[in-house]
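Each chain, written out:
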Amino acid sequence: ETGVTQSPTHLIKTRGQQVTLRCSSQSGHNTVSWYQQALGQGPQFIFQYYREEENGRGNFPPRFSGLQFPNYSSELNVNALELDDSALYLCASSLFETQYFGPGTRLLVL
Amino acid sequence: AQSVTQPDIHITVSEGASLELRCNYSYGATPYLFWYVQSPGQGLQLLLKYFSGDTLVQGIKGFEAEFKRSQSSFNLRKPSVHWSDAAEYFCAVGGDPYGGSQGNLIFGKGTKLSVKP
Chain H
9 ETGVTQSPTH LIKTRGQQVT LRCSSQSGHN TVSWYQQALG QGPQFIFQYY
59 REEENGRGNF PPRFSGLQFP NYSSELNVNA LELDDSALYL CASSLFETQY
109 FGPGTRLLVL
Chain B
442 AQSVTQPDIH ITVSEGASLE LRCNYSYGAT PYLFWYVQSP GQGLQLLLKY
492 FSGDTLVQGI KGFEAEFKRS QSSFNLRKPS VHWSDAAEYF CAVGGDPYGG
542 SQGNLIFGKG TKLSVKP
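As they're listed, the protein sequences go chains H and B. Counting in this note's numbering, the first sequence runs from 9 upward without gaps. Counting in this note's numbering, the second sequence runs from 442 upward without gaps.
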């Protein structure tokens, strides 16, 4: 157990809808990173937040956005959902170089 | 370009046999290297990491990995596999988050390990 929690565990949405995924960091960690893991693939970096500011972004469109709160928990928002957004979304918290992952939210877009 | 290659998509070994999972990376700066394991439907669990120093690192569950800079490799090994080791294994590379990079991880596509009784 890493102490990183994510909610919800599963979610079903339809194309065009919006979704918000949540992540609670491990105690003491000030950095949260989000990854998308499509079926049969390795995780791909979406973005990272450090002390409430975006600290890097991968190759994802602007309809993927995020927030980090003063308690270092975080949200991932995806607008205008597409079928290809179906994936496992992982968040990871860190204080230094090592990232500790939560169990993920599995999103299915129909 | 920064990348991680795990050449073996699926490996099957007998319980008690030794295991080596291969990982090659391409990274412009000094790499930080990680191995994670993922059970079906679960998140990623850190097995071990290499930042600097001794090139042979020990991890949890009896795993070890060796960093070979000349070969750009970071292979994972275990001398005797247990049935509970069946899972998917991911190699990842990241940069020094305090050295100018953003500290995000680049993952390979994973190697699925099956264990025969």
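Hint data in this document are derived by calculation from the structure and do not stem from the laboratory. Predicted model, so just to flag it, every value in this text is computed and none were measured. Hints may contain errors.
[Stated by the list, open to error] Here are the in silico distance ranges between beta carbons for each label pair:
1. H/81 - B/497: 24 to 30 angstroms
2. H/116 - B/448: 28 to 34 angstroms
3. B/525 - H/48: 45 to 51 angstroms
4. H/81 - B/456: 37 to 43 angstroms
5. H/22 - B/456: 40 to 46 angstroms
6. H/105 - B/449: 22 to 28 angstroms
7. B/450 - H/78: 28 to 34 angstroms
8. H/106 - B/451: 36 to 42 angstroms
9. H/19 - B/480: 38 to 44 angstroms
10. H/59 - B/442: 25 to 31 angstroms
11. H/77 - B/497: 15 to 21 angstroms
12. H/47 - B/467: 21 to 27 angstroms
13. B/453 - H/22: 26 to 32 angstroms
14. B/510 - H/62: 31 to 37 angstroms
[To be verified] So, partial list: chain H residues that the calculated Cβ filter (under 7 angstroms) puts toward chain B:
15. 46
16. 53
17. 56
18. 61
19. 67
20. 70
21. 109
22. 110
23. 112
Backbone N, C-alpha and C fix where the C-beta goes; we use that ideal spot for every residue, glycine too.
Verification of the supplied hints:
A hinted range of 24 to 30 angstroms is violated for the C-beta pair residue 81 of chain H and residue 497 of chain B, which are about 37 angstroms apart. At about 31 angstroms, the beta-carbon gap between residue 116 of chain H and residue 448 of chain B stays in the expected band of 28 to 34 angstroms. For residue 525 of chain B and residue 48 of chain H, the Cβ-Cβ distance of about 22 angstroms falls outside the hinted range of 45 to 51 angstroms, so the restraint is violated. Checked against the hint of 37 to 43 angstroms, the pair residue 81 of chain H and residue 456 of chain B passes, with Cβ atoms roughly 41 angstroms apart.
Distance hint check: the CB atoms of residue 22 of chain H and residue 456 of chain B are about 45 angstroms apart, consistent with the given range 40 to 46 angstroms. Against the hinted window of 22 to 28 angstroms, the Cβ-Cβ separation of residue 105 of chain H and residue 449 of chain B comes to about 27 angstroms, which satisfies the hint. Checked against the hint of 28 to 34 angstroms, the C-beta distance between residue 450 of chain B and residue 78 of chain H comes to roughly 43 angstroms, which is inconsistent with it. Distance hint check: the CB atoms of residue 106 of chain H and residue 451 of chain B are about 28 angstroms apart, inconsistent with the given range 36 to 42 angstroms.
Between residue 19 of chain H and residue 480 of chain B the Cβ separation comes to about 21 angstroms, which falls outside the hinted range of 38 to 44 angstroms. Range check, residue 59 of chain H to residue 442 of chain B: about 30 angstroms between beta-carbon atoms, so the 25 to 31 angstroms window is met. Between residue 77 of chain H and residue 497 of chain B the beta carbons are some 41 angstroms apart, a value that contradicts the proposed interval 15 to 21 angstroms. The hint said 21 to 27 angstroms for the Cβ distance between residue 47 of chain H and residue 467 of chain B, and at roughly 25 angstroms that hint holds.
At roughly 39 angstroms, the beta-carbon separation of residue 453 of chain B and residue 22 of chain H lies outside the given 26 to 32 angstroms, and the hint is violated. Roughly 32 angstroms separates the CB atoms of residue 510 of chain B and residue 62 of chain H, a value that falls within the hinted 31 to 37 angstroms. Evaluation of the residue 46 of chain H hint against chain B yields a violated restraint, the C-beta minimum of about 10 angstroms exceeding 7 angstroms. Given hint, residue 53 of chain H at the interface with chain B, holds; its Cβ is 4 angstroms from that chain's nearest Cβ, closer than 7 angstroms.
A cut of 7 angstroms between beta carbons decides the hint on residue 56 of chain H: the least distance to chain B is about 6 angstroms, and the hint holds. Given hint, residue 61 of chain H at the interface with chain B, is violated; its Cβ is 12 angstroms from that chain's nearest Cβ, farther than 7 angstroms. About 11 angstroms separates the beta-carbon of residue 67 of chain H from the nearest beta-carbon of chain B, more than 7 angstroms, and the hint is not met. The interface hint given for residue 70 of chain H is broken, as the beta carbon of that residue sits about 18 angstroms from the closest beta carbon of chain B, more than 7 angstroms.
With a cut of 7 angstroms, the hint placing residue 109 of chain H at the interface with chain B holds, because the nearest CB-to-CB distance is about 4 angstroms. Taking 7 angstroms as the C-beta contact cut-off toward chain B, the hint placing residue 110 of chain H at the interface holds, the least distance being around 5 angstroms. With a least beta-carbon distance of about 5 angstroms to chain B, the hint placing residue 112 of chain H at the interface is held under the 7 angstroms criterion.
Consistency with the previously given hints fails for numbers 1, 3, 7, 8, 9, 11, 13, 15, 18, 19 and 20, ordered from lowest to highest.
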